[in-house]
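As you go down the protein sequences, you meet chains Z and F in turn. With the UniProt record's numbering as the guide, the letters of the first sequence map in order to residues 1 to 346. With the UniProt record's numbering as the guide, the letters of the second sequence map in order to residues 1 to 259.
Each hint should be verified, as a subset may be incorrect.
[Said to hold, decoys possible] Straight line, CA to CA, 30 Å or less: simulated BS3-like cross-link-like pairs of lysine-lysine:
no. : chain 1 : residue 1 : chain 2 : residue 2
1   : Z       : Lys114    : Z       : Lys7
2   : F       : Lys251    : Z       : Lys116
3   : F       : Lys90     : Z       : Lys75
4   : Z       : Lys108    : Z       : Lys168
5   : Z       : Lys94     : Z       : Lys16
6   : Z       : Lys21     : Z       : Lys105
7   : F       : Lys170    : Z       : Lys21
8   : F       : Lys251    : Z       : Lys133
9   : Z       : Lys21     : Z       : Lys102
10  : Z       : Lys105    : F       : Lys90
11  : F       : Lys41     : Z       : Lys133
12  : F       : Lys90     : Z       : Lys94
13  : Z       : Lys108    : Z       : Lys75
14  : F       : Lys170    : Z       : Lys102
15  : Z       : Lys102    : F       : Lys8
[As the list claims (entries may be wrong)] Restraint-style ranges between C-beta atoms, simulated for each label pair:
no. : chain 1 : residue 1 : chain 2 : residue 2 : range
16  : Z       : Leu171    : F       : Val107    : 21 to 31 Å
17  : Z       : Leu171    : F       : Phe92     : 30 to 40 Å
18  : Z       : Arg179    : F       : Phe69     : 36 to 46 Å
19  : Z       : Asp166    : F       : Val111    : 54 to 64 Å
20  : Z       : Pro72     : F       : Ile97     : 19 to 29 Å
21  : Z       : Leu171    : F       : Ile175    : 37 to 47 Å
22  : F       : Asp59     : Z       : Asn109    : 37 to 47 Å
23  : Z       : Ser136    : F       : Thr242    : 39 to 49 Å
24  : F       : Met246    : Z       : Lys210    : 50 to 60 Å
25  : Z       : Ala172    : F       : Ile9      : 30 to 40 Å
26  : F       : Leu179    : Z       : Arg179    : 51 to 61 Å
27  : Z       : Asp166    : F       : Ile175    : 53 to 63 Å
28  : F       : Ser150    : Z       : Asp166    : 23 to 33 Å
In short, the hints are calculated from the structure, not lab data. The beta-carbon is built from N, C-alpha and C at its ideal position, and this holds for glycine as well.
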Amino acid sequence: MSYVELKDIRVSYDNKANILKDLNLSIEKGELVSLLGPSGCGKTTTLRVIAGLIEPNDGEFLVDTQNLTKVPVHKREFGMVFQSYALFPHLTIKENVAFGLKLRKEKKNSIEKKVKDILAITGLEELGDRYPKQLSGGQRQRVALARALVIEPKLLLLDEPLSNLDAKLRLAMRIEIKRIQRQLGITSVFVTHDQEECFSISDRVAVMNKGVIEQFDTPEEIYNNPKTEFVARFIGFENFFELTPTEEWNYKAIDGTVFHSTRDWEPGKHTGTIRPDDIEITRNSKQTENNMVSGIIKVRTFLGKSYQYEVETPIGKLLANKTDDVVYQVGDEVTLSMPSHKLIIV
Amino acid sequence: MRKNIGLKIFAGLVFAFLLVPLFIIIVTSFGTNSTIQFPIKGFTLDWYSKVFDNEAFMDSFFLSLQVAFFATLLALIIGVPAAYSLARHKVFGRNWIKSFFLSPTIVPGLVVGYAMYQFIVIKFQFPIIQGLFLGHFLICLPYVIRVVGSTIEQLDFSIEEVSWTLGCTKLQAFIKVVLPNITSGIFASFMLAFINSFNNIPVSQFLSGPGVTMLPTSLMNYIEYNYDPSVSALSVILMLGTIVLMYVIEKTLGLASIS
């Protein structure tokens with residue numbers, strides 16, 4: 001059994017619509033798992049169920065084989081970092097960090113030592129006597145992290161902790177969070193809607209949609225091998241077209257073109273998908289080969305290092321990116337070829 | 001720039017309109033005339049000593065002070081938790097309850113006073129002092145619930161949630177996290193409620209009885225038969241008291257928001 005287990009969790013506020021339905025998730029000790037998805041997918045609800053801020057209607061929640069489903073939030077001993085940081089405005093940084101330790105009635109010098117150590121780890125030694133409003137966003141973020149970590153929680157929960165920071169700081173902070181998480185070896189759950197942030201920080205990612213986990217895998221696996229159309233769309237596969245399976249690994253498109261994919265074959269799946277970057281675009285060769293389709297360029301968009309072409313083809317509109325060594329014009333006839341190892345069927 | 005000057009003159013006129021009567025009262029309180037007249041003929045402090053010698057004034061002043069203080073205190077004890085539940089929990093008919101608590105500030109004071117008279121004095125026959133205390137508590141409560149309620153609504157709810165995750169029970173979170181962050185609202189509502197209770201005439205008038213007079217009533221009774229500057233002197237003392245109170249609270253509030 002894994003360190004953290006969510007079993008058949010169902011959450012509904014009005015007993016009609018389910019926010020989460022039959023959600024199952026297993027997290028290993030020391031792992032950093034992200035919950036990724038668009039707003040309203042249930043990722044924050046899942047985190048709040050773990051924290052104990054929401055009681056699930058059905059299901060069980062276990063940590064280290066202990067059933068915590070009915071244990072109230074203040075007895076769970078989890079550290080949580082909120083999107084708004086939620087620092088106590090009336091307390092200094094030291095007092096903020098010591099808050100949880102004082103509630104545990106620890107000895108004064110033990111508290112002092114622990115606070116000093118965690119402030120050193122989070123790079124806040126100099127700021128202990130300031131008040132939250134005297135700190136910058138990134139500093140507040142680190143205080144929130146220090147406050148959650150100092151109680152030596154069984155689990156660290158992070159609810160979109162980076163979304164209030166500017167782009168540069170976000171990048172630095174996510175490396176920082178990863179470093180501290182590794183250093184302390186603390187099992188963590190990280191909620192985010194930012195794909196890049198999520199991939200860079202996580203050991204495993206659960207992509208969520210409408211209260212269901214669509215795929216739970218390593219970032220590489222999700223990036224390269226999405227299992228469902230939703231996951232594919234969410235991580236940047238922009239081309240989708242209908243296929244009819246003919247035999248294993250072979251498919252026929254609506255115009256009769258034969259497509260071949262060397263990726264995992266599963267019966268019943270019939271939508272071809274590929275990233276715009278993975279389509280090769282050439283001048284119309286008039287020849288009909290497998291995995292090739294011809295069409296006319298309708299729109300050209302400049303993306304910086306490349307151009308994106310929207311091409312009208314018999315199997316639908318397709319997007320393809322190409323670097324600027326060859327530039328096509330709107331109205332040009334081109335051939336798009338999809339390498340069989342890049343074409344994924346979902 | 002020109003527009004600005006016009007605005008300044010207008011603002012100056014408004015201030016003059018508000019402050020000149022007060023200024024006249026201050027001046028007349030030092031006059032040697034035997035009735036309130038402006039300008040004054042000579043300078044004296046006699047009217048002030050007359051105020052302190054007047055037993056009716058002194059008794060009613062301390063009574064008003066006591067009633068206002070304890071009524072406001074009780075209103076805080078009951079109103080703060082009530083405001084918290086209204087702000088944080090899905091109370092049935094929350095907006096109705098909130099509007100209801102605004103009503104005593106909209107309904108004419110005379111009507112409120114009469115309604116209280118009907119219930120507190122005639123129906124339940126409360127002793128006079130307790131009746132006055134109850135009536136003033138009811139005047140104070142809406143101010144506490146409204147002002148403290150809006151302060152709580154502005155407070156980030158996640159600071160309470162985070163304190164739970166750190167090991168606080170809900171009661172501990174309220175005491176350690178909510179209360180220290182709503183002190184400004186509590187002070188403000190205390191001031192508002194206290195001043196309103198202290199100045200209230202209709203409720204005091206209806207609920208007081210033989211031998212028990214609140215300060216505004218006592219002042220009005222006095223003016224009916226005497227028109228001497230001791231009324232001005234008393235007014236100046238009250239103004240001074242309010243100013244000192246405001247200053248102290250401003251100071252403590254200022255300190256509270258820094259620390």
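Enumerated hints in conflict with the structure, sorted upward
1, 2, 4, 5, 6, 9, 10, 11, 12, 15, 16, 17, 18, 22, 25, 26 and 27
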